[in-house]
Amino acid sequence: MKSNREEKTDAQTYSVIDDEFSEMGGIRAAESILGGDFRPTAIFAANDLMAIGVMQSLRERGIRIPEDIAVVGFDDISAAKLVTPTLTTVAQFQWKMGERAAQTLMDRLRGEKTGTGTAVEMPFDLIVRGSTSNE
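So that you can map any letter, position 101 of the sequence shown is 106 in our numbering, and since no number is skipped, the others follow by simple counting.
Hint data in this document are derived by calculation from the structure and do not stem from the laboratory.
The beta carbon of each residue, even a glycine, is placed where N, CA and C say it ideally should be.
Be a bit skeptical, because a hint or two may be false.
Claimed, not checked - For each label pair, taking beta carbons as the anchor points, the in silico distance ranges come out as: (1) Ser37 x Thr89: 20 to 28 angstroms; (2) Leu114 x Phe26: 43 to 51 angstroms; (3) Thr89 x Asp42: 41 to 49 angstroms; (4) Asp73 x Arg113: 46 to 54 angstroms; (5) Lys101 x Gly41: 37 to 45 angstroms; (6) Glu72 x Lys101: 32 to 40 angstroms; (7) Gly41 x Lys118: 38 to 46 angstroms; (8) Arg115 x Met29: 25 to 33 angstroms; (9) Gly103 x Ile68: 23 to 31 angstroms; (10) Gly116 x Gly41: 17 to 25 angstroms; (11) Arg64 x Lys118: 44 to 52 angstroms; (12) Ser27 x Asp112: 15 to 23 angstroms; (13) Ser27 x Ile132: 16 to 24 angstroms; (14) Ser20 x Arg105: 26 to 34 angstroms.
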């Protein structure tokens, strides 16, 4: 893959498409993105099911993954390893999020925290697979 710098593209050019978090949502989002004049170098889906739908739509159009468009999902579901090419994804530590949510709830119940919510950074892993590299 070439970087934006090598391709001399604007790294700030992006679209956000809102759809359901499913394979069909990914298909519709990809159709919307690819229906315009702008051809992205990568599509980052909100979850792995949407990314799998995006990949299906790209294949149906004869677009090569990752050579033409790279695809990234989010969640690291088991199907991410089963699709071709395998899906690059962001794995989150759900138990850690649950632990943090429970702690925040307990703090509120004890009256230790009031007011609006706070931003919390959580750990994650980027799992690079075939949908973003030529491996």
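A quick look at each hint next to the structure:
no.	hint	result
1	Ser37 x Thr89: 20 to 28 angstroms	24 angstroms, holds
2	Leu114 x Phe26: 43 to 51 angstroms	30 angstroms, violated
3	Thr89 x Asp42: 41 to 49 angstroms	29 angstroms, violated
4	Asp73 x Arg113: 46 to 54 angstroms	48 angstroms, holds
5	Lys101 x Gly41: 37 to 45 angstroms	38 angstroms, holds
6	Glu72 x Lys101: 32 to 40 angstroms	35 angstroms, holds
7	Gly41 x Lys118: 38 to 46 angstroms	45 angstroms, holds
8	Arg115 x Met29: 25 to 33 angstroms	44 angstroms, violated
9	Gly103 x Ile68: 23 to 31 angstroms	38 angstroms, violated
10	Gly116 x Gly41: 17 to 25 angstroms	52 angstroms, violated
11	Arg64 x Lys118: 44 to 52 angstroms	48 angstroms, holds
12	Ser27 x Asp112: 15 to 23 angstroms	35 angstroms, violated
13	Ser27 x Ile132: 16 to 24 angstroms	21 angstroms, holds
14	Ser20 x Arg105: 26 to 34 angstroms	31 angstroms, holds
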